[in-house]
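Chain B: place on chain A using the hints.
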Amino acid sequence: MITVKNLHKTYPGALEPSLSGLSFSFPKGRIAGLLGPNGAGKTTTISILCGLVRADSGDAQIFDLHQDAHHREAIKKMIGIVPQQIALFPQLSALENLTYFGNLYGLKGKPLRTKIEDYLQRFGLEKNGKKEVYKFSGGMKRRTNIIAALLHDPQLLILDEPTAGVDVQSRNMILQFLREYNQQQGVSILYTSHLLEEAQSLCEEVAIIDQGRLVMQGQPLQLIQQHPECRNLEEVFLHHTGLAVRD
Amino acid sequence: MLRLLATIRKEWLLLIRDRGGLALLFLMPLVLITVMALIEDAPFRDYQELKFDVLTVDNDHGRLARYIKEGLEHSGQFTLVDSLDGKPVTQEDAVRLVNAGDYKICILIPKGATAAIVSNANRIVNDLSKRMGLPAVQPVKSRNDSLNVLIYFDPAAKKAFKSAIHQALDNFLTQVETDLLLERIKLQLHSKEADAADTFAIQLKAVGLQEQVTGPTKQINMVYNSVQHNVPAWSIFAMFFIVIPIAGNMIREREDGSLLRMKLIPGSYLALLAGKMLFFVSICVVQFYLMTLVGIYLMPLLHLPRLVLGHSYLPVFVIALCISLAATAYGILVGTLFKTPNQALSFGAISIVILSAVGGIWVPLEVMPPAMQFIGHLTPLNWGLEAINDLYLRNGGFAQIMGNAGKLMALCLVMLYLAARVEKGRMS
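Sequence order for the protein chains is A and B. Heads up: the first sequence begins at 1 in UniProt numbering, then just goes up one per residue. Heads up: the second sequence begins at 1 in UniProt numbering, then just goes up one per residue.
Extracted from the complex, chain A is given alone in its bound form (with noise of 0.2 Å):
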């Protein structure tokens, strides 16, 4: 269970709070959407779940810790997280990558190595493995910053758009490891988009959020069906976020 209760956040020397109050929940084991335009605030929600960013009030919970310093180690634990940078050395290889994120996770020799070619096979980077990251393209960056996140076997991965950036093979190849990811292992997932039509195809259930609050949240399929105007989930987003170009 990921719940966020009522989290309100202003950084310092900012005009608007990021957060105002922000509440949701979702359930063990699915694939959750947290979407809002730019500025909604999801990368603040996901860097307090991830405990980078300490919120000013309110509670957030991962499996029923608590986010604060008592529980941040723990939670580090549990979560893998794919920031929406490729946060990877691009000088190392992606094999010298992996495996030095798999030392800070305490995992070392052959089962290391033999995860991590394991996962390069699985995301079809298996002969560029001693490559330079530099090297790679957009969506072969992607790949590896995401098996970067899987190495210490999480509960829950967090995505920070995961698939911006790259090509459809890529994008498919990445949603289609997601799928499966979460009905083999059960791991639950949380991911952020700008890709609405992927947000439907892929979650189970969904949180809008903007100016910091929640605007909605149910199953993509429930709230396109309660806005009987809208026939996609892109609809119902701009039905409730407007149509203004947001910075």
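Some hints here could point you the wrong way.
[As the list claims (entries may be wrong)] Pair by pair, the computed Cβ-Cβ distance ranges are:
(1) Leu337/B - Leu15/A: 22 to 28 Å
(2) Gly218/A - Leu413/B: 52 to 58 Å
(3) Lys108/A - Gly406/B: 37 to 43 Å
(4) Phe26/B - Leu238/A: 23 to 29 Å
(5) Asn6/A - Ala349/B: 46 to 52 Å
(6) Asn232/A - Ala349/B: 53 to 59 Å
(7) Glu255/B - Gln121/A: 51 to 57 Å
(8) Val414/B - Gly58/A: 34 to 40 Å
(9) Asp56/A - Met1/B: 36 to 42 Å
(10) Pro300/B - Gly165/A: 57 to 63 Å
(11) Leu290/B - Gly58/A: 51 to 57 Å
(12) Leu38/B - Gly39/A: 57 to 63 Å
(13) Asp56/A - Glu255/B: 23 to 29 Å
[Unchecked claim] Pairs of lysine to any residue residues, derived as SDA-like cross-links and limited to a Cα-Cα distance of at most 25 Å, are as follows:
(14) Lys159/B - Leu97/B
(15) Lys263/B - Gln155/A
(16) Lys135/A - Leu97/B
(17) Lys339/B - Asp160/A
To be clear, the hints were calculated from the coordinates, so they are not data collected in a lab. Every residue, glycine too, gets a C-beta built ideally from N, C-alpha and C.
Just chain B now, with coordinates in the frame of chain A:
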């Protein structure tokens, strides 16, 4: 431990793939040290170590001229030039050439100079004889003309150079006058026993001067020279320049998101920082010893003096470690404070240049104005240099470097604390 070792390995892989960074860390300091030692060799040499052509115009042709010439040549610092194009140097030529800067110095010994000294010695001997009831028989000139050995200096000659020449010539004059006086006394006493006179001469040198070492160990006489200053000084400068790769590395990690991933992984970030620090401290120490090898083996090949290390090898390692820790901590602070590589690299480089200039890396602190000396003593580069000078030049040991080593360590801790505060502040 795995996190620490993995981080060291990661830093190693990143470094060996960054050829520019490798050159900056190892090749540039090597070139810098060599160039600086060569450039500053002449200014660092004492005037007594340099060799000058000295124009001499001898109008005396007596003992004084001979003594002066022999004395100057014997010192090994001067080559006497008394003829140009096969013709004896005239006073007019000499003045013109010195004024033009072709020669640094001209010495003109006036006619009758030796005779004047002999006459003066005779006058003293006669006076003493009279007081002792003996006849005054030595010939004395009726007129007591005032004669001077004339010296012409290149107008661009420095005060220290002039003083050194004045002092040397004054010594030669005194020596001639003393010798002639003793000789006249011997003549007056009609002594046929040369030994007695020799004993008298020896008595005049009964008390001499002997330079002693000040440090706790007996060591060869150490002369502060260009290599002895420049090798440790620019090694410290190069070690502090590690701020550039460290700050660049940290900002790159922040920009490419790898820092974010490291923070998302359970376990102390301090262990990762410790691994990074340990790696760069090792690089600094390797730099230091590499530069030391340059001072020992490369400098003599370039006709420069060999770097002398003293006898305290372990304290040298300890101080190299302390300098490395302070330099690395400074790099971490700069890498934490600044958000873009441009800001960090510009600030890092300029701050090190300023600290080195103030801290006595470029020129020894002693030649700076008192206010700058005071400021210089507050810089970490100066603490490092002073400690190394304590070990290399003053034959010191652990006791002598404790103060400066302590200051470097304290600064390291303060900088790491500040970096931690800034980083923690970012979370809120």
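Here is what the structure says about each hint:
1. Leu337/B - Leu15/A: 22 to 28 Å: holds (25 Å)
2. Gly218/A - Leu413/B: 52 to 58 Å: Given about 54 Å between the Cβ atoms, the range holds.
3. Lys108/A - Gly406/B: 37 to 43 Å: holds (39 Å)
4. Phe26/B - Leu238/A: 23 to 29 Å: Roughly 58 Å apart at Cβ, these two residues miss the hinted range, so it is violated.
5. Asn6/A - Ala349/B: 46 to 52 Å: With a Cβ separation near 48 Å, Asn6/A and Ala349/B satisfy 46 to 52 Å, so the hint holds.
6. Asn232/A - Ala349/B: 53 to 59 Å: Once the Cβ atoms are compared, 55 Å apart, the range 53 to 59 Å for Ala349/B and Asn232/A holds.
7. Glu255/B - Gln121/A: 51 to 57 Å: Check failed, 31 Å falls outside 51 to 57 Å.
8. Val414/B - Gly58/A: 34 to 40 Å: Holds, at about 36 Å.
9. Asp56/A - Met1/B: 36 to 42 Å: Since Asp56/A and Met1/B have Cβ atoms about 38 Å apart, the given range 36 to 42 Å holds.
10. Pro300/B - Gly165/A: 57 to 63 Å: Holds, since Pro300/B and Gly165/A (Cβ atoms, about 59 Å apart) stay within the stated range.
11. Leu290/B - Gly58/A: 51 to 57 Å: holds (55 Å)
12. Leu38/B - Gly39/A: 57 to 63 Å: holds (60 Å)
13. Asp56/A - Glu255/B: 23 to 29 Å: With a Cβ separation near 27 Å, Asp56/A and Glu255/B satisfy 23 to 29 Å, so the hint holds.
14. Lys159/B - Leu97/B: Holds, at roughly 20 Å.
15. Lys263/B - Gln155/A: holds (18 Å)
16. Lys135/A - Leu97/B: violated (69 Å)
17. Lys339/B - Asp160/A: holds (23 Å)
Hint check: violations occur at hints 4, 7, 16; the rest are consistent with the structure.
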